[in-house]
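Build out the structure end to end from the sequences listed, making use of the hints.
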Amino acid sequence: EDQVTQSPEALRLQEGESSSLNCSYTVSGLRGLFWYRQDPGKGPEFLFTLYSAGEEKEKERLKATLTKKESFLHITAPKPEDSATYLCAVQAPNAGGTSYGKLTFGQGTILTVHP
Amino acid sequence: DAGITQSPRHKVTETGTPVTLRCHQTENHRYMYWYRQDPGHGLRLIHYSYGVKDTDKGEVSDGYSVSRSKTEDFLLTLESATSSQTSVYFCAISERIVVRAYEQYFGPGTRLTVT
Numbered sequence: 001e002d003q004v005t006q007s008p009e010a011l012r013l014q015e016g017e018s019s020s021l022n023c024s025y026t027v028s029g030l031r032g033l034f035w036y037r038q039d040p041g042k043g044p045e046f047l048f049t050l051y052s053a054g055e056e057k058e059k060e061r062l063k064a065t066l067t068k069k070e071s072f073l074h075i076t077a078p079k080p081e082d083s084a085t086y087l088c089a090v091q092a093p094n095a096g097g098t099s100y101g102k103l104t105f106g107q108g109t110i111l112t113v114h115p
Numbered sequence: 001d002a003g004i005t006q007s008p009r010h011k012v013t014e015t016g017t018p019v020t021l022r023c024h025q026t027e028n029h030r031y032m033y034w035y036r037q038d039p040g041h042g043l044r045l046i047h048y049s050y051g052v053k054d055t056d057k058g059e060v061s062d063g064y065s066v067s068r069s070k071t072e073d074f075l076l077t078l079e080s081a082t083s084s085q086t087s088v089y090f091c092a093i094s095e096r097i098v099v100r101a102y103e104q105y106f107g108p109g110t111r112l113t114v115t
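For the protein sequence lines, the chains are V and Y, in the order given. Just so we're aligned, residue 1 is where the first sequence starts under this note's numbering, counting upward by one. Just so we're aligned, residue 1 is where the second sequence starts under this note's numbering, counting upward by one.
It is worth saying that the hints were derived from the structure and are not from the lab. Take these hints with a grain of salt, some might be off.
What the hints assert, rightly or not - Derived list of chain V stretches under chain Y, where covered just means 3 residues or more per stretch with a C-beta under 8 Å from a C-beta of chain Y: (1) 29-37; (2) 41-47.
As the list claims (entries may be wrong) - Below, computed lysine-lysine pairings styled on DSSO-like, alpha-carbon distance capped at 27 Å: (3) V:Lys63 / V:Lys79; (4) V:Lys79 / V:Lys59; (5) Y:Lys11 / V:Lys42; (6) Y:Lys57 / V:Lys42; (7) V:Lys68 / V:Lys57; (8) V:Lys42 / Y:Lys70; (9) V:Lys79 / V:Lys57; (10) V:Lys59 / V:Lys42; (11) Y:Lys70 / Y:Lys53.
Glycine is no exception: its CB is placed at the ideal position from the N, C-alpha and C atoms.
And the structure:
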């Protein structure tokens, strides 16, 4: 069974204080690892897809990295508008070898950035 | 933003009544998904569709059925609503970008309360 664990559950930072969020996963045949941002009362917003160990992607103050067991979302010099819940999800084939894109999500990290 | 709408956005219903939630997309994507999001459980897949009239179960499908008669519409039905189905429901769409992975884009959600 695919499993995704995110840590910490909540993170409070001062504006400008860089940090990292962790996503550990157990999956057979990773097809992709996804990061989403979710604001209160809204649907998850797609950020990144990582396909293989060693891959990195950046967007503004966010940088996502991937190893064979975990992914990190690095936040550099965060601002209050970066406050949100960050979700990690993995995609893997089912027993028949197909997946049709099914995602298994972690429970998220609630990030709060204080001015 | 991906062209995904969900209706209704909020609904309160009584135990034992049938409820249908609608997801409508304007992106002409082949794959559509229904998730529920609950505190302590994160996002969990209910059902998904890999084409018109092609659907399959996710990890929490008991008590739910789906239908997809057109590419743009995916309906989720609670045959007889129970209090345990109080949740926020999200629809997502996907088109296979590369051979390996499917990036999913989420709708704004429907908050359902069963009293």
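Results for each hint:
For a cut-off of 8 Å, the count of residues in the stretch 29-37 of chain V with a CB near a CB of chain Y stands at 4, and the three-residue condition holds. Using a Cβ-Cβ cut-off of 8 Å, 6 residues of the stretch 41-47 of chain V lie near chain Y, which meets the minimum of three, so the contact claim holds. In summary, the hint linking lysine 63 of chain V to lysine 79 of chain V is supported, as the alpha carbons are separated by about 15 Å, within the 27 Å threshold. Only pairs whose Cα atoms come within 27 Å are accepted, and lysine 79 of chain V paired with lysine 59 of chain V is accepted, the gap being roughly 14 Å.
Our distance criterion of 27 Å between C-alpha atoms is met by lysine 11 of chain Y and lysine 42 of chain V, whose separation comes to about 16 Å. For the suggested pair lysine 57 of chain Y and lysine 42 of chain V, the alpha carbons sit about 25 Å apart, so the restraint of at most 27 Å is met. Only pairs whose Cα atoms come within 27 Å are accepted, and lysine 68 of chain V paired with lysine 57 of chain V is accepted, the gap being roughly 16 Å. The suggested pairing of lysine 42 of chain V with lysine 70 of chain Y holds, with an alpha-carbon distance near 26 Å, which does not exceed 27 Å.
At roughly 19 Å between alpha-carbon atoms, lysine 79 of chain V and lysine 57 of chain V fall within 27 Å of each other, so this suggested pair holds. Proximity of lysine 59 of chain V to lysine 42 of chain V is assessed by CA-CA distance (about 21 Å); at most 27 Å being required, the pair is judged to hold. Taking the CA atoms of lysine 70 of chain Y and lysine 53 of chain Y, the gap is near 8 Å; set against the 27 Å cutoff, the hint holds.
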